[in-house]
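Take these sequences, add in the hints, and give me the full structure.
Residue numbers (my numbering), protein chains in the order written: chain A, 100 to 490; chain B, 8 to 164.
Hints are computed from structural coordinates only; laboratory data are not their basis.
None of these values were measured; they are calculated from a predicted model.
Among the hints, a few may not be true.
[Stated by the list, open to error] Cut-off 27 Å, straight-line C-alpha distance, at most; resulting in silico cross-link-like pairs (DSS-like, lysine-lysine):
hint : chain 1 : residue 1 : chain 2 : residue 2
1    : A       : K329      : B       : K29
2    : A       : K310      : B       : K29
3    : B       : K40       : A       : K151
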Amino acid sequence: MSIEATLPIGPYHPALKEPEFFKLFLDGEKVVDVAIRLGYTHRGIEYLAQKKTYNEIPFLVERICGICSNVHPMCFCQAVEEAWGLQVPDRARYIRTIIGELERIHSHLLWAGVAAHIIGYDTLFMHFWRHREPVCELFEVMTGNRQNYAMNCIGGVRRDIDPTKHKALILETLSQIRPSLLRLENAVTEDPVVRARIENIGVLSKDQARKLCVVGPVARASGLAIDVRKDEPYAAYKEVGVDVKVLTEGDVFSRMLVRLLEALESIEIVKRALDTMPQGPVRLEPKEIVPGEGIGKVEAPRGEDIHYVRSNGTDIPERVKIRAPSYMNVPSIAPQIKGASLADASLIIAAVDPCFCCTERIAVVDVKTKRESSVDFESLAQSWRRKSKHS
Amino acid sequence: MLPLTASSLVDALSNIAPLVEKLRSVLGDRFQKYSMRNERRAYVYIRKDGIRDCVKALFDQFGARLSTISAVDRKFKFDVLYHFTIDQQGLVATICVSTPKQAASLDSVTGILPAANWIEREIQELFGIKFVGHPSPGKLLTSDDWPEDEYPLRRVG
Chain A
100 MSIEATLPIG PYHPALKEPE FFKLFLDGEK VVDVAIRLGY THRGIEYLAQ KKTYNEIPFL
160 VERICGICSN VHPMCFCQAV EEAWGLQVPD RARYIRTIIG ELERIHSHLL WAGVAAHIIG
220 YDTLFMHFWR HREPVCELFE VMTGNRQNYA MNCIGGVRRD IDPTKHKALI LETLSQIRPS
280 LLRLENAVTE DPVVRARIEN IGVLSKDQAR KLCVVGPVAR ASGLAIDVRK DEPYAAYKEV
340 GVDVKVLTEG DVFSRMLVRL LEALESIEIV KRALDTMPQG PVRLEPKEIV PGEGIGKVEA
400 PRGEDIHYVR SNGTDIPERV KIRAPSYMNV PSIAPQIKGA SLADASLIIA AVDPCFCCTE
460 RIAVVDVKTK RESSVDFESL AQSWRRKSKH S
Chain B
8 MLPLTASSLV DALSNIAPLV EKLRSVLGDR FQKYSMRNER RAYVYIRKDG IRDCVKALFD
68 QFGARLSTIS AVDRKFKFDV LYHFTIDQQG LVATICVSTP KQAASLDSVT GILPAANWIE
128 REIQELFGIK FVGHPSPGKL LTSDDWPEDE YPLRRVG
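The structure is reproduced here in structure tokens:
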């Protein structure tokens, strides 16, 4: 296999929403390998968290990501609650569930829109985002913000959901977007052009998925039935229940379908949670800081989020370790992209829903290091000239 | 989740006992002790030369998934915690090893479990713990001109 050219994409590129760098190794139109380098948005949040008090950290970790901004504070609070042995009030657990599921709806719709945009179907993109908008507006009414809702605190949530006003508004919004989502799902599954573009593209086998420990919709599209909401029910998922959506093909189409089915399932979860929500306090005032360690786990829209907190009895944690889901999913781009055509590369990269703010670090996926050398423009031009001479 | 009470202790033991017994038989005297925070959280302390065998047993026989690895600076040593999730049981088994701060090193498990690739390199850069036998131990997070012997998350003094 000969390498004809390397094609750098990024770190600043009109097609990328966040700074990241992909170096594609090409043989003609075919992608042979990829090297990924992130770390352009590293903000040292783990270090900062070890300098702040427990009350300040939920606001800090909320700013890891603008899209799943409820996930990190919820996960951090759960880890601290476990370390300190706190039992969160029931109503707070339900509120966390509702906020988490509404967030999943708008995050999955955001991704579906981006995917539609990448395959050049901008009408579908606008429709997806149009139905995402009411969910963001709902958040604005309930929490004051479209993102960064600041709902979680250690021991519960900071605001209640109004049992009449907010409940009616949520139900009305969901009943409006549900038929639209079903229609959009049909638009994806029954349009032969869309299917031709995303079916059998970027296949990740079950075995590869298990070895790379991928999480969330990427794992569930490859036949791994893992979901923190089901396997280790936090918040109110034990009472409310979750129907985990699993597909086996492992291609971009499956990932699209899993996310759309999950968004529809989230609507049902929110409805069930609103119906069965108990009355009572939404927050518990922690009495003392107990030394110990705790692990928080939350199913973010992109997969399992995990926080490890070690408390030493002072008001500042000894260690906060954060691992966002994209950190496990981004390395799975490498096996998916090998052998794909260049035109599919951006779609494959986008299909793991990589959140670079979350991953926030790192890179260079396992590429054979000896091959990793960039080609300057002159030698690239020469190789093209050689190629055109032969043909 | 609340800490263990007498009634939940029985559930916790039945959830965790098979795993602990297996690791004890695989590791022999490299197995040190274990503790439970609640029925979903087990902490297993092993000697650092047992980490490869331990990871192999967890991945092959319990279908464990590596969630992440946390390193903690403890003044004279590092605690390194491998958080494994066993999804079928909803269990997080944390394998804890320690390495002295002077010439800190551990065996790399990337060869057994490719998912450890990034996180081992991250710890190598941020804490200065060398992962022996890592297939591609290059720079991951810090910029190319970051000094060799400066580790951002290592505590000074």
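Status of each hint after checking the structure:
About 26 Å separates the Cα atoms of A/K329 and B/K29, which keeps this hinted pair within 27 Å; it holds. Between A/K310 and B/K29, the direct Cα distance comes to roughly 21 Å. Compliance with the 27 Å bound is thereby established for this hinted pair. Between B/K40 and A/K151 the CA atoms are separated by roughly 33 Å; this puts the pair beyond 27 Å, and the hint is violated.
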